[in-house]
Each structure stands twice: as C-alpha cells, then as structure tokens.
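Participant: Read top to bottom, the protein sequences are chains A and B. Numbered by the numbering used here, the letters in the first sequence go through residues 3 to 531 in order. Numbered by the numbering used here, the letters in the second sequence go through residues 1055 to 1424 in order.
Watch out, some of these pointers could steer you wrong.
Using C-beta positions, here's what the derived DEER-type ranges look like [to be verified]:
no.	chain 1	residue 1	chain 2	residue 2	range
1	A	Ile381	B	Arg1216	40 to 46 Å
2	B	Gln1316	A	Trp324	51 to 57 Å
3	A	Ile381	B	Gln1189	56 to 62 Å
4	B	Arg1073	A	Ser320	48 to 54 Å
Chain B regions said to be covered by chain A (calculated; three or more residues, Cβ under 8 Å) [as the list claims (entries may be wrong)]:
no.	stretch
5	1067–1074
6	1088–1099
7	1106–1114
8	1152–1161
9	1213–1224
To give a feel for the contact side, a few chain B residues facing chain A, derived at Cβ under 8 Å [claimed, not checked]:
no.	residue
10	Ala1280
11	Leu1284
12	Leu1397
Treat the hints as calculated values from the structure; they're not laboratory data. Quantities reported herein were computed from a predicted structural model and do not represent experimental measurements. Even for Gly, the Cβ is constructed at its ideal location relative to N, Cα and C.
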Amino acid sequence: MRTLLIALWLFASGAHALEAAIVEKLAFGESDEQVAAIAALVAAGDEKAAAVLQALAEGELQTAGKSVLIVKGEEATDAVTGAKVAPLPAEREDVIANNRLRRELAGALAGLKLISPQREIRLAAAKELAGGADAAMLPLVKKALEKETDAELKSMLGQIAAAMELKDGSKEARIAAIRMLGGSNNPNTKMLLLSVLEKGKDGSFAEPDEEVRRDAQASLRAVEGRLAWGERLGILFTSISLGSILLLAALGLAITYGLMGVINMAHGELIMVGAYTTYAVQNLFRAHAPGAFDWYLACAVPAAFVVPAAVGMLLERSVIRWLYGRPLETLLATWGISLVLIQTVRTIFGAQNVQVENPGFMSGGIEILVGVVLPWSRIVIVLFAAAVLTGIWLLLTRTRLGLFVRGVTQNRAMASCVGVPTPRVDTWAFGLGCGIAGLAGCALSQIGNVGPDLGQSYIVDSFMVVVLGGVGQLAGTVYAALGLGFANKLLEAWQGAVLAKIAVLVFIIMFIQKRPQGLFALKGRAVEG
Amino acid sequence: MGPIADRIASAIARLYGARGWSTLAAFALVLFVMFPLCNLVVPPGNPFYLSAYWVTLVGKIMCYAIVALAMDLVWGYTGILSLGHGLFFALGGYAFGMYLMRQIGSDGQYRANMPDFMVFLDWNEFPWQWWNSDQFWWCALLVVLVPGLLAYVFGYFAFRSRIKGVYFSIITQALTYAAMLLFFRNNTGFGGNNGFTDFKRILGIPITIPETRMALFAITGATLIAALLLGRYIVTSKFGRILAAIRDAEQRIMFCGYDPIQYKLFIWTLSAVMCGIAGALYVPQVGIINPGEMSPANSIEIAIWVAVGGRGTLVGAIVGAGLVNGAKSFFTQAFPEYWLYVLGLIFILVTLFMPKGVVGLWSQWKNRSA
C-alpha cells in the first residue's frame, strides 16, 4: 500500500514538476545551454514551463543558492516544484537574459501560447503568427496543430505551417504546403504565393522547381478568386448599405413632393434635427441612466421621429401652406428655413461635430473574410430601413390617412370634392415626411459624426433619388435608392468616389431626358403632370 | 433724320422714359466720376476719400448685380428657376483666372514658369485645358464660350424633354454640385480646393495698384449698364413678351404655334454668358476663385437677390443684389453668427410677404397714396 502511494506520488510529480536539470541549466548554464533549455521547456509544453519562460522574459527569475525561484513582489515560488517558498531567501541573484536569449524567448512564448488552454489566447497567437513567422517555429506550430481541436484554429495553424514549409521544406513538403495554401482567404497568402513565383534579377525563379511553381500558380488563382469574391461581397454590402441610407433620406421627400408638388429644401436639415435629437437622448441616458445606455435607441428612434415631425407640421402650418401653387417660391422659403435651422442648431449645440456613441450591440461586426468586415451598425441600418419602408407601406395602404394621402397625390381636386380634408392631410403627410427624415438622421448618427451641415451633404443625393424614382409610388423610390447606391459604389471601386458621383449625376440628367417623370410615374393624360 | 437714327431714337424711347434715362445717367456719374475722384484724387484722410475696400466691395456687388440681371431674365421673365447659375459665374471666373495665372509668370513661390499648384503636383507640362491660356483673347473667348456652350447643351436636352418647374431647378442644382466635386479634384487641373489666387498682373500691368483696380471697377460698371440696357431691350421687345407668355402659360403659347424651346434656349444661354462675363470681372477684383463658388448654396442665394429686389423688374435685380450683399458684408463683419438667421428670414419673409420685392413695395405704396 505504502509503495503504491509512493509510486503514485512519483508519477504525479513527474507530470507536474519540471525536470530540475533543465531549469537549472536555464538558470546557471552558459548561453548555449540556456538556449537548449528553452527548447526543452517548449517541448515540455505545459503551464509551468510557460510560467518559467514568462518569468525569465519579465526578469522575475532569480536564483538563491542552488534553487531557482520565480519572485513576484514579496512572494516566491520554486520554479521546479511550484511550491511556495517562504520566507524569501535574503541572497538572491537575477537570471540575466541577453539579447540572443530574449529573441529565443519571444518565439518560445509565442509558440507556447499556441497550446494555451484558452481559445482566445491561441487565436491571438495564431493571428500574430499568420502575419509572418520565423521558420524556427515550425515544430511548435506542428505540435500545436496536432493538439488543436477547434476547426477554425486548426485551419489557421495549417496555413501558418504551410507558409513556413514553403520556405524550408523539401519539394514534397513545399508542394503539399502550396496546395494547403490554396484553401486560404488571407491576403498575406497571396503575397506569399506571389513571392514563390517571383523572378529574381538574373531571371531565375525564386522557386527553382517547375512543378512547385505550377502548383503555386493554381493555388494563387484559387486564393485570388476567393479574395475577389470577398471584395465583391464587400461592395455588394456597402452598396446595399448606401442604398438603404439614401432610401431613408429620400422616402420622406418623395411623399411630400408627390403629395404637394413642393420640394422641401429643408429636408436635409430635418435629417440633421433627427440626428441631434438622437444625440440629446443619448446624453440624457448617459447622464441619468448609464445602466440602460444600450437601450437608448429604443427611446431615440421615436424621439427622432416625433421632434422633426412636429417641426415639419409647424412649418407646414406657418410657411408652406401660404405658398401653395407656387412651388418655386416654396423651394426658396424652405431653403430659408433650412438656413435658420442650421444656425439654430449651431447656437444650441455648437458648430463642432458631436459624437453619437453606438449602443454595445451595434459595435463590432461580422468578419466574413480576412479584411472584409460587415459592421453591425450598418447591418442594423439596412434592417431599420427595411422596417421603416414596411411601416410606411402599411401606413399608406392600410390606414385611412394613407388612403387620403394616395387620393390627394393622384387628384387633389377630386379628393377634395369627395370630402377628403386636403389641408389636414397635407399637414399630417408633411409631418410624416419630416418624421421619416428624422429617422434617417437617427440612422446616420450611428455611422458618422453629427454636425450642423449633416443635412446639406445628403440633400442633393436624396433629390436625385426622387427625380430618378418618380413620385407617387414607393417602389420607384426603393429602386432608385438601391440603384443609385449600387451605381455609386460600383463606379467608386472603379474610378474613385468623386468621379463616381459625377458620373451618377450625369447619368441622371441623361436619364430624365428619356423619362422626365422618373422610373415609376403615375400615368395621366394631362400635358403637364 | 436717317432711318438708322430714327430706329436708335425709337429704341432709346422704348427702353426708358426721361426719368429712367436721367436716373441711369446719375448712376453712371457716380460710378465713372465720383468713385475715381474720391478714390484716386482725394487724399486719404479726407472725409470724401473712398478706400480700396469700398471700391472692391462695390465692384464685387456690381458683378453680382450682373448675375442677378441674368437670373432675372430667366426666372423673373421666363419662369425658369435656375439653382445652378453660380456654376456659369464660376466657369467664367475660372476661364479668366487661367489667364491671370499665366500672367504670374515665374513670380510664383516656386519661381517656376508654371502655376504653383502644378509645380506642387509635380506636373511638367500644361494639361490640355490650359492650351493657349497665356493669350488674353483666347481666355476672353473662353469666358463667353464655356458657360454659353455648357448652358446651350444642357438647356437643349432639358428643354427638349420638357423638364420644367422644380424638376429643372433640382437638376441645375445637381449640375453645379457635380461641377463643384469635379473642380475640387486636383486632377481636374484647376488647382483643386484652393483654386486660383495670388494674381500679379493683368495684360502686363500690376493688378493691385489703385489705377488697375479703378479701371476694373469702371469696366464692371459699364458692363452692368450694358447688361441692364440689353436686358431692357430684350424684355420690351416682342421676344420678351413671348418669354413672359412662356412664364405665364407655356401650354397656350405652344398651341398658338410658337416653339418655346427656342426662346427658352436663347434666353437661358444668354443668361449663362452674362454670368460668365460677371465671373471674369469678379476674379481680378476679388483676387480668388475656388470651387466653393459652385456650391449649391451660392446659386440659391442668387435667386434670393432677385426675389428681394423684385422679380420681373430688371432694376429690382440690381437693387436686390446690392441690398442682400450689402447686408451680408455688414453682418458677416459685425454679427457673423446672425447672418444665417437674417438670410434665412429674408428667404422666408420675402417669399411670403413681398412677392414683388422691394421695387414692388414702392409701387404698392404709391398706389395706396394715390
């Protein structure tokens, strides 16, 4: 019984304690011996070895007589057994790590991180190595690869290993590595494969073997194809994102223009008012309910609708109502309103841009490929635009107000004759349009800075959406907004942002030659619409 | 009297009555006699001395007044509200600015034989837009041709597809916006954000000396008067009546057998050319031109000058340009933060309460007292 216990104890200590000889070599040995000791510790690959190396790297490894200690403040543990040593021996000496040793240590530590039990640490280490790793790390990476169970990490490590093999491995190893790399979606891999195919100054290839080069070509094509797809997906997403923003900005404008035939030049400023309302709500939450900060949008969205809607209804009653039948004057008057609104906001909030913070769930994003990240804030905005669109569609097709709005849009005189209170419909519809502008502002505040000039930068774009889409049908606005979003982003990827914008504007000018009333115009027989 | 003299006499009688002509003469007297005397002859310190600031300010406002006249012809008389007239103004300015940039010669900061911004961008030769730009006559031609041609082509397409009303306004706004973006690019070849500035000479004469300034001032004044008379000549002719008819009932004039497109196109192009000339006069006096002049906000402001003065009266356009810009230079110096309020309220109140502008107020008041 007693012998059994002793055997057990010996077994246990064999697993949990380090071999004393290695640690002693590390502490007392010559430089070469130390390097060998580091390699041995890495090969041991357990937590205690990591602790010793970490301590050495941070200058916490000390010797006292024959024993090696890890000293943290006033506490010391024996490096070999891991037992607490108390009291602290008075005579201690630091183990000095020279430059060569430090280099070895850094690599060793990175390698050890790869076999850490925590997934995040492994992931971080793998990402670091994916950026470019020393060939000496290869055995470590291979070792980690054997132990790894997580599928994502396994493929990452596989590629890291392949990248290393590419430099030093045998021909077979190189070919295997290159085939392995063909499955990668990392832009660095592309560079790596290109370097294989590179021609030196004397015309000879960096990779002497023809077969390897052929494989590299094939892998390169595969990687490039995958990267191109990632890029396309990215463009697709940003197009939809821009389109939904344009849609939000233009929806309200399309409603008011369709209904009353007036262009509301203050529309952009109502977007800005919505954004500042969001900002104010955010500040209130931060000041009075920091715990519920993540939920401030639940309050900000309704507020960003109500405040601009109220402003809009007030404007309709006080200014626009008196200018009916004079659309050009309305345009000028609403421009005046926009100037007053800009200056009012400047006076209240200052001329500087303000920052609206995203709630927690909207920060970060989904990484679909290396370097192609879809930010949550933009995804939420796309969904938000869809929700607003659905809401408006329901409002226009399923409610009495919607019925009236459609009736007045189609034929004001007739609607009035059958008893639709057109002035009241005008007020409500104008309020609705301005409220939607406010929602657009709320959305914009989540992806950019909020400043008094915010509206100005969207006004021309949202006019273009209305001009292109025509009025009277939501579909026109939707198609126009998404179409412009795509056109802008595609041309942008090709020719740069400014030329893209100019091309789109020129296209619209050409387009309305063909269809002066926009994509989806209500058909009528009048000479003038 | 010969037939030609007869026609001239009748034209003179048609343009203005005796009071109109004498007012114009008084105006010319102030511009061509009082200003040069008070600026050049009267010594500084004398209460009658006019400083360079005033000469430049009034010169600038007269350029704006020409633009307002041009705007009034298309908006007040023909009913086409353009929100892109700033573009034609700026194009004229840029065309003439090219010549002024070439006149700097090698006196720029880099002492090179090219404009500074080109040296900065590391260009070795002039881009094609600058061809022949060291010739005064060529640039003067461009001042007329570029805005005129652009307006003609744009107007042809727009009027042909019967774009009108707010749609037309929005499209012109998009046009000037697109042009602004284009000119902000360095690669467009016109100095990017900074545009043209630091002019040294015009026709070999230093541009900053008082005599040059006064000469430019006088030329601007003469152009303004000529533009006024030309406008008056047009609106009092049969042609002008058709323009007004297009404004009031385009359908009807079409059904009467007129082709409104030709009329609109002519007045639209003429208006753009007038803006271009105004821009060319503006640049040497103010000493800078940049893409900011093409911003949509600037173009809308032109409309309000006309609205303040009174649409459909040429004098009103001049009065409006003077009043609004006078107020602007006063407020932006004295109370900068209130200027936008003032401008915004002008937009709102004038459209609500003064559909005929300041000139209209005068006649309203006269009718009431009579």
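Participant: So, for every hint listed, does it hold in this structure?
Facilitator: A quick look at each hint next to the structure:
no.: 1; hint: A:Ile381 to B:Arg1216: 40 to 46 Å; verdict: 43 Å, holds
no.: 2; hint: B:Gln1316 to A:Trp324: 51 to 57 Å; verdict: 36 Å, violated
no.: 3; hint: A:Ile381 to B:Gln1189: 56 to 62 Å; verdict: 58 Å, holds
no.: 4; hint: B:Arg1073 to A:Ser320: 48 to 54 Å; verdict: 41 Å, violated
no.: 5; hint: 1067–1074; verdict: violated (count 0)
no.: 6; hint: 1088–1099; verdict: violated (count 0)
no.: 7; hint: 1106–1114; verdict: violated (count 0)
no.: 8; hint: 1152–1161; verdict: violated (count 0)
no.: 9; hint: 1213–1224; verdict: holds (count 9)
no.: 10; hint: Ala1280; verdict: 28 Å, violated
no.: 11; hint: Leu1284; verdict: 25 Å, violated
no.: 12; hint: Leu1397; verdict: 6 Å, holds
In terms of the numbered hints stated before, the structure departs from hints 2, 4, 5, 6, 7, 8, 10 and 11, listed from lowest to highest.
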